[in-house]
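Trainee: Each chain is listed here by its residues.
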Amino acid sequence: MADVVIVDCTTGEVTTRPQTAEEIAAQKASAAQAQAEAEAKAQVEADAQAAKSSAISKLAKLGLTDEEIAALVG
Amino acid sequence: MANPTMTLISSQTLGGTTASVTFSSIPATYNDLKLVLSTRNNEATNNEYIQIKFNSATTGYSETTLKGVQTTTYSLRTSSATYFQYALQTEGTVNTTNTFAVSEFYIPNYASATTKQVFGSVAVESNDTLNAFIFATAGFFNNSAAITSITLTSGGSASFVQYSDFYLYGIKNS
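Heads up: the protein sequence lines correspond to chains E and B, in order. At the far end of the first sequence sits residue 74, using my numbering, and the numbering has no gaps. At the far end of the second sequence sits residue 1174, using my numbering, and the numbering has no gaps.
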């Protein structure tokens, strides 16, 4: 179990104690939330990249050169 | 004539694995606060976030971040979150052994009875081939209470490792 460090900036007193069960649970909940948000964001980015690739493919089939496609979509 | 000063309020170098560091009872005698961190955690993740909370508040944290990892750039935005998530980041075990992420976090007018804007930045170039990163964050804390405590908690289910450093400075305009 990891410790928690609390510094009293007025007195200079430093308290080091083990994490409580409540603090561990809160940290895990935050981690799960952050992971879910990261996965959702990654999915949005993957979907956007897939749409871009699809658009480039369709533009190429229309006869645009690579330079022309790059000018349009970067 | 103005004579600005920057005073070290407190510093902590961790002696062992630590989940969080709290600076409490911060005196209201300065104009601004500045945090300087050198951190690494024990999880196999690059640029793991550090959770930042003021006064243990669980609402009102918004931030906009520009993030670069190797050659890829991103922008991130959170609004009215339960803590600052992107402003400070730390290295993990995938980064070069015994290297630490360097972060700064600036809080102007921390003791005022208004909302607070903040600025955070972090950089890592540990001479490996995959995991260099840099973040710059503009943040906003929608809370009018003076900031009297700052809690920094390692992201994920990880902990900061030994020899991580935490410095809190107070800055006076005169």
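The hints are simulated quantities; they were obtained by calculation from the structure and are not laboratory data. Bear in mind the structure is a predicted one, so any value in this text is a computation, not a measurement. There's no promise every hint is true.
As the list claims (entries may be wrong) - Using C-beta positions, here's what the derived DEER-type ranges look like:
hint: 1; chain 1: E; residue 1: Val-44; chain 2: B; residue 2: Gln-1117; range: 24 to 32 Å
hint: 2; chain 1: B; residue 1: Gln-1117; chain 2: E; residue 2: Glu-37; range: 17 to 25 Å
hint: 3; chain 1: E; residue 1: Ala-21; chain 2: B; residue 2: Pro-1004; range: 40 to 48 Å
hint: 4; chain 1: E; residue 1: Ala-21; chain 2: B; residue 2: Asn-1173; range: 22 to 30 Å
hint: 5; chain 1: E; residue 1: Lys-41; chain 2: B; residue 2: Asn-1127; range: 38 to 46 Å
hint: 6; chain 1: E; residue 1: Lys-52; chain 2: B; residue 2: Gly-1068; range: 19 to 27 Å
hint: 7; chain 1: B; residue 1: Thr-1058; chain 2: E; residue 2: Glu-13; range: 19 to 27 Å
All C-beta atoms, glycine included, are put in the ideal place defined by N, C-alpha and C.
Trainee: Confirm or reject each hint.
Mentor: Consistency of the hints with the structure:
no., hint, in the structure
1, Val-44(E) <-> Gln-1117(B): 24 to 32 Å, "holds, 28 Å"
2, Gln-1117(B) <-> Glu-37(E): 17 to 25 Å, "holds, 23 Å"
3, Ala-21(E) <-> Pro-1004(B): 40 to 48 Å, "holds, 45 Å"
4, Ala-21(E) <-> Asn-1173(B): 22 to 30 Å, "violated, 44 Å"
5, Lys-41(E) <-> Asn-1127(B): 38 to 46 Å, "violated, 28 Å"
6, Lys-52(E) <-> Gly-1068(B): 19 to 27 Å, "holds, 20 Å"
7, Thr-1058(B) <-> Glu-13(E): 19 to 27 Å, "holds, 26 Å"
Going down the numbered hints, you'll see the structure goes against 4 and 5, while the others check out.
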